Amino acid sequence: MKPVATRPAPLATGEPDTEPPALTLNRLTVGFGRRQVLREVSLSLNPGERVALLGPNGAGKTTLLRTLATLQPPLDGQASIGGADVVRRKRAARRHLGFVGHTPHLIGHLTARENLAFLSSLYGVTNAGSRVAEALEVVGLADLADRRARELSRGQLQRLSLAAAALHHPTVLLLDEPDASLDRDAVRALPAMLDALCPASAVLLSTHDPEVAAQVANRRVIVDRGRVSEPDSSGARPAAPSAPPGALSVPFFAAAWTLLRKDALVEWRAREQAPALLAFTLLITVLFDMAFVIPAASDAPAVAAGVAWATLLLVASLSGVRLFGSERDAGTLTCLRLAPIDQSAVFAAKYVVLATHLLAVGLLQLVLLSALLDLQLLQGGMFATLGLVTISLSAVTAMLSALALESRAREVLMPLLAVPLAIPVMLAGVGATLETLQGAPAGGAAPWFGLLAVVAAVFLALSVLLYPYAVDG
Amino acid sequence: MSLAKSVVRRQAVKQPPLFGWRGFIVYTALLVLMAVALYMIFIYAPAERVQGDAHRLLYGHVAVAWLAFLAFGVVAVASVMYLWRRNPRWDSLAVASAEVGVLFTTLTLISGSIWGRHVWGVWWTWDPRLTTTLVLWFIYVAYLALRMYIDNADTRRRVAAIFGIVGFVDVPIVWYSVEWWRSLHPVQSVTRAGLTSEMVLTLVVTVVAFTVFCFVLIRQRYLLERASDEGEGLRDIVRNRLEELRLTGGESTPEAGK
Numbered sequence: 001m002k003p004v005a006t007r008p009a010p011l012a013t014g015e016p017d018t019e020p021p022a023l024t025l026n027r028l029t030v031g032f033g034r035r036q037v038l039r040e041v042s043l044s045l046n047p048g049e050r051v052a053l054l055g056p057n058g059a060g061k062t063t064l065l066r067t068l069a070t071l072q073p074p075l076d077g078q079a080s081i082g083g084a085d086v087v088r089r090k091r092a093a094r095r096h097l098g099f100v101g102h103t104p105h106l107i108g109h110l111t112a113r114e115n116l117a118f119l120s121s122l123y124g125v126t127n128a129g130s131r132v133a134e135a136l137e138v139v140g141l142a143d144l145a146d147r148r149a150r151e152l153s154r155g156q157l158q159r160l161s162l163a164a165a166a167l168h169h170p171t172v173l174l175l176d177e178p179d180a181s182l183d184r185d186a187v188r189a190l191p192a193m194l195d196a197l198c199p200a201s202a203v204l205l206s207t208h209d210p211e212v213a214a215q216v217a218n219r220r221v222i223v224d225r226g227r228v229s230e231p232d233s234s235g236a237r238p239a240a241p242s243a244p245p246g247a248l249s250v251p252f253f254a255a256a257w258t259l260l261r262k263d264a265l266v267e268w269r270a271r272e273q274a275p276a277l278l279a280f281t282l283l284i285t286v287l288f289d290m291a292f293v294i295p296a297a298s299d300a301p302a303v304a305a306g307v308a309w310a311t312l313l314l315v316a317s318l319s320g321v322r323l324f325g326s327e328r329d330a331g332t333l334t335c336l337r338l339a340p341i342d343q344s345a346v347f348a349a350k351y352v353v354l355a356t357h358l359l360a361v362g363l364l365q366l367v368l369l370s371a372l373l374d375l376q377l378l379q380g381g382m383f384a385t386l387g388l389v390t391i392s393l394s395a396v397t398a399m400l401s402a403l404a405l406e407s408r409a410r411e412v413l414m415p416l417l418a419v420p421l422a423i424p425v426m427l428a429g430v431g432a433t434l435e436t437l438q439g440a441p442a443g444g445a446a447p448w449f450g451l452l453a454v455v456a457a458v459f460l461a462l463s464v465l466l467y468p469y470a471v472d473g
Numbered sequence: 001m002s003l004a005k006s007v008v009r010r011q012a013v014k015q016p017p018l019f020g021w022r023g024f025i026v027y028t029a030l031l032v033l034m035a036v037a038l039y040m041i042f043i044y045a046p047a048e049r050v051q052g053d054a055h056r057l058l059y060g061h062v063a064v065a066w067l068a069f070l071a072f073g074v075v076a077v078a079s080v081m082y083l084w085r086r087n088p089r090w091d092s093l094a095v096a097s098a099e100v101g102v103l104f105t106t107l108t109l110i111s112g113s114i115w116g117r118h119v120w121g122v123w124w125t126w127d128p129r130l131t132t133t134l135v136l137w138f139i140y141v142a143y144l145a146l147r148m149y150i151d152n153a154d155t156r157r158r159v160a161a162i163f164g165i166v167g168f169v170d171v172p173i174v175w176y177s178v179e180w181w182r183s184l185h186p187v188q189s190v191t192r193a194g195l196t197s198e199m200v201l202t203l204v205v206t207v208v209a210f211t212v213f214c215f216v217l218i219r220q221r222y223l224l225e226r227a228s229d230e231g232e233g234l235r236d237i238v239r240n241r242l243e244e245l246r247l248t249g250g251e252s253t254p255e256a257g258k
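Protein chains in written order, with the working numbering: chain A, 1 to 473; chain B, 1 to 258.
These are computed hints drawn from the structure, not numbers from a lab.
Hints are not guaranteed to be accurate.
[Said to hold, decoys possible] In the SDA-like style, the derived pairs of lysine to any residue whose C-alpha atoms are separated by at most 25 Å in a straight line are:
#1 90/A <-> 152/B
#2 90/A <-> 80/B
#3 90/A <-> 201/B
#4 90/A <-> 154/B
#5 90/A <-> 175/B
#6 90/A <-> 344/A
#7 90/A <-> 86/B
#8 90/A <-> 84/B
#9 90/A <-> 128/B
#10 90/A <-> 87/B
#11 90/A <-> 405/A
#12 90/A <-> 109/A
Please read all numbers here as calculations on a predicted model, not as lab measurements.
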């Protein structure tokens, strides 16, 4: 067993007796729906303590840790991290929280260093550059710092996850089976890594291996048959050092900007969306043009209007599937949800990504249709229409993308949800286009631009109001 | 054994109110009302001057159309209440209303289509009312589809509530866009002039009969949804209790089955 004494001296300078526990569980019951997995767990961790949750597979260790990590609501009882309740004060709790799950929540297309730098910005880590370098050094990845995360091995990823979770000096570090993909030497080095990364953090780790528990932790808690018990609770608990401060609060626009830069970089590296969407636009425009054979010159504006906005609607619903879905599939959604930022910043960033896609697609389409139908579409009224249609469509689709996240068969569902809601946008787009190309009809122009502006405002307001309900429950 | 007892006790909590004598009264009233409405539509009301007997379709048509809209309004209110209170009963009300609303919208579209074929000579035209009703139908079919595709009950309720609100807010927007869109290509509009007092009375009775029908349907569907939720709850209670018994080796702890 690792002797407690080798740990660096506690940083406490104040009165250790009044120091609040880093982590408190008060008769916490966790599970799914109404099915209880672990019942009435009461536990308290002081800063700097390392506690192993020891139990067989399926005992409920992961469920307990995910509940503490604010990723799922408890069924009953309370838990607080750094004094912040994990249900009522999620964002505050997240500032004090580091979590390493079963699967790494890292971004595959970013390098190890970029991953840590990205998280530093989201967690408001001061002095990020040196902190990242130091963390990489500690977990032994300094040589691989500029390799992309997707090229790292499972064990290297696990170590990078540890560095990522400890970056902001969390009050509580939750490790879900950290030994799962680490080799023997790495497990043996784990206590030293924790000492170097975040000496004052309370660590709660789950494992089914008593040996690992003995190596890493100084307290053991047995999880079995729906209950938690502590066999040797009489042992001396380490003197509590001061709890580390946790993350700083990052303002909304800074967080959104960080997320946007990340998305742009990932898109640049992966080229997952843009080429496919542009090719799709080209294809469908040509297809429509062929299907209408050769429209008479007088019909050309109507064909252009219909093709342009119907295609944009299709592209939006197609793109919406991937918008949040790609984060979920890559496992990085958890990383975003754990960040102590205003979750609406995630929506704002995604909104801008989608709007950019749609603007690019729309411009390509105006050029194509100008050529195919011999029209002058590259003019002010058309750009204004494109702008307003993009704002509205992006709001609808981005929100639906977040809503459909937990559903099966997102690809099938997205158009089903998006198209009916967005029909007014398409009609208003068609109306505004005809107005621009043919002048106002005899009966007086319908206020298409006004309608587009109202639709944009309504959908934006709805998505801003309702998005928080979509992600955080 | 206390497991069996707790299950039985739980089941006896509530007798669904529409199966007892109250149900008898409601169903009888509904039957009588429907019979009267049918009599008035087909025998009492006179044939219309221009449309002839085809107009008899419109009594039911108007009733189901406005009730469909009312049902979608209930979905929106129940959705807001669910997001606010997080009580699953509001969600049950929302899903019950949405299903009845989709049913009634379907009836509206079919009856309107048949009427249109006789009076206008076409099955379908892009009249603003028709188009809005069709879009409404698509939105709430999407609502039901969305519910089908989400497995976790809490997520399903939350997500459906959000979509229910957005869908309802979209309705006036759809209406205006469709109306202005059609104004570019004017078509004949539905004239409702020349209703005799018998026709008005028939319309009122039909609307009342269908309103009762609508509320009975929503209530039944609501109770079914509650029963299904209860059933799931019972299954979890049994599972939790069995687990408890297995762990404690048969000794029962009274409060454990909660």
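Enumerate the violated hints, using their earlier numbering and listing them in ascending order. 3, 5, 9 and 12
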